Amino acid sequence: MRWALAAVIGCASIAAAAVASAEPPAGAAACSGCHPASTRVTSLVPRLAGLDRPVIVRAMEDFRSGKRFATVMDRIAKGFTDDEIQAIAAWYASQR
Amino acid sequence: MKAGRREFLKSAAAVTASAALFAVPAIARGAAPRVVVVGGGFAGASCARALRKTDPSIAVTLVESNATFTACPFSNAVIAGLRELSAQQFTYQRVTADGIAVAPSTATAVDAQARSVTLADGTRLPYDRLVLAPGIDIRWDALPGYDEAAAGQMPHAWKAGEQTLLLRHQLEAMEDGGLVVISAPANPFRCPPGPYERASLIAHYLKTKKPRSKLIVLDAKDAFSKQRLFQSAWNELYPGLLEWVPLSKGGNVTSVDAATRTLVTDFGRHRATVANVIPPQKAGRIADAAGVADRSGWCPIDPVTFESKLVPRIHVIGDAAIAGAMPKSAFAANSQAKTCAAAVARLVTGGSPSVPKLINTCYSLVAPDYGISIAGVYQPSGGQLAEVPGSGGVSPADAPRATRALEAALGESWFRTIAAEAFG
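If you're matching them up, the sequences are chains U and C in order. Once you know that position 14 of the first sequence is 14 in this note's numbering, the rest is easy, because the numbers rise by one and skip nothing. Once you know that position 97 of the second sequence is 1097 in this note's numbering, the rest is easy, because the numbers rise by one and skip nothing.
Quick caveat, the hints were computed from the structure, so don't treat them as lab data. Note that the structure is predicted; figures quoted are calculated from it, not measured. Any given hint could turn out to be false.
Okay, the calculated bits of chain U under chain C, using three or more residues with CB under 8 Å as the criterion [to be verified]: (1) 26-34; (2) 37-51; (3) 66-75; (4) 78-92.
Label-pair distances were calculated between CB atoms; the ranges are [what the hints assert, rightly or not]: (5) U:Asp62 with C:Ser1232: 25 to 31 Å; (6) U:Gly66 with C:Gly1099: 24 to 30 Å; (7) U:Leu44 with C:Pro1144: 45 to 51 Å; (8) U:Glu61 with C:Asp1121: 52 to 58 Å; (9) C:Val1264 with U:Arg58: 57 to 63 Å; (10) C:Gln1231 with U:Gly66: 25 to 31 Å; (11) C:Glu1162 with U:Pro46: 36 to 42 Å; (12) U:Arg96 with C:Gly1099: 17 to 23 Å; (13) U:Val55 with C:Val1264: 56 to 62 Å; (14) U:Asp52 with C:Asp1294: 44 to 50 Å; (15) U:Leu51 with C:Pro1144: 53 to 59 Å; (16) U:Val55 with C:Arg1313: 40 to 46 Å; (17) C:Gly1268 with U:Val55: 45 to 51 Å.
Glycine residues also receive a C-beta, built at the ideal position from the N, C-alpha and C atoms.
When you get a sec, could you build the whole thing from the sequences and use the hints?
What follows is the structure, given as structure tokens:
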């Protein structure tokens, strides 16, 4: 349900403003401080744009629960709710 | 006059000619909204670019007097001879390529009523919204004996560039067996873990190149960022070499004498071979001129939009802002820049900003292959930016050396990414 809604909102804002790209949901813009937005950057940290939504959601859940090894992502994932993670994942999945 | 500057002045003149129209909101008269960003550091450059990316119809001018930006993060590695200053330096070529007008000048005054910024050459830039990202200025009146001339003898190296190299050269010229003294200021100041990363890397330099030397940190505080991690690493890596003197043990420096490189505390005098005085700081000068700094010297802001609580339509981001629980770091500056850009883009087109969530992640090197980090997630709460309960914190105290090495490498990745966000 949330998903469909996110998709509709995404389409609507793209259609409404040809000049402006869909605005990232709360928290999403901050990720690119470490996860490179630019393809020119060499980094140990993966790019998020274009990753499948469930891949991002699962990673955040596993970081948050401690199931997956982390350096900083465990501490960061704990700052986000399920809804926020879904929105961020959907937005990055729609980016290129 | 350089061609770039001439071109800029021509467009600036055109902008000034239409300044009279500014009583009417940009959107209502169909003109492109104008945003002026002052200061081309991590905050300002990131914000200017994020504005253009969010809404390419916004005309963005970035006011920055330096043709080259010299980054502070990793400049402690330059001081310790582990890195060259050139690796810290970036131009505004790609910022310009994004369609941002870079004004190679200094903002000297702001007329909040007329909504214009005055540059050093007298040019006036009208704005719908103004973003100030002036970073820090040294409070030259705060520590008796420490003025701009004294900084030539006892470098602060808290703005990267010549000061960074001066401190490095003094360390290189010092004989083995010398005494290095760092003085760290009271909160708040730019880069809370910075003095302790610097102490660590200077200790590494002394240990490997001048092992009979000693390093003392005189601190105006009894606690500091990542303290347990730093102190445990110091015990392991630099025993007997690095001594931290907290406020309660006489660490507060009350005056200095540059001629003899002496630091005076309530408890005694320290005559240093090399002295690094990290003095008290305040928001960069234009903040005061614009009336957005309060009596603390820093700028209170709204946590949703980063709009000044003192002057409407002026936003303040980066080290100059009072951002609640967020530290004065390059990552925080970048995160704030993007939040502010999203809010400003909405405001100039008559929309209302959405509630943001921000992040900070900050790496420190204790040795070249030993990194530690602090991270936090922030949201508006009670009129301030507060840490999300249960989130954030520092690297684990018991992490194996392989994790420390990984965090050192991640720190370098982080620098490349954050620099690319602003300049690449």
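How the hints compare with the structure:
no.: 1; hint: 26-34; in the structure: holds (count 8)
no.: 2; hint: 37-51; in the structure: holds (count 8)
no.: 3; hint: 66-75; in the structure: holds (count 3)
no.: 4; hint: 78-92; in the structure: holds (count 4)
no.: 5; hint: U:Asp62 with C:Ser1232: 25 to 31 Å; in the structure: 29 Å, holds
no.: 6; hint: U:Gly66 with C:Gly1099: 24 to 30 Å; in the structure: 45 Å, violated
no.: 7; hint: U:Leu44 with C:Pro1144: 45 to 51 Å; in the structure: 46 Å, holds
no.: 8; hint: U:Glu61 with C:Asp1121: 52 to 58 Å; in the structure: 55 Å, holds
no.: 9; hint: C:Val1264 with U:Arg58: 57 to 63 Å; in the structure: 58 Å, holds
no.: 10; hint: C:Gln1231 with U:Gly66: 25 to 31 Å; in the structure: 26 Å, holds
no.: 11; hint: C:Glu1162 with U:Pro46: 36 to 42 Å; in the structure: 38 Å, holds
no.: 12; hint: U:Arg96 with C:Gly1099: 17 to 23 Å; in the structure: 20 Å, holds
no.: 13; hint: U:Val55 with C:Val1264: 56 to 62 Å; in the structure: 59 Å, holds
no.: 14; hint: U:Asp52 with C:Asp1294: 44 to 50 Å; in the structure: 47 Å, holds
no.: 15; hint: U:Leu51 with C:Pro1144: 53 to 59 Å; in the structure: 56 Å, holds
no.: 16; hint: U:Val55 with C:Arg1313: 40 to 46 Å; in the structure: 42 Å, holds
no.: 17; hint: C:Gly1268 with U:Val55: 45 to 51 Å; in the structure: 59 Å, violated
In this structure, the earlier hints numbered 6, 17 are contradicted, and the remaining ones agree with it.
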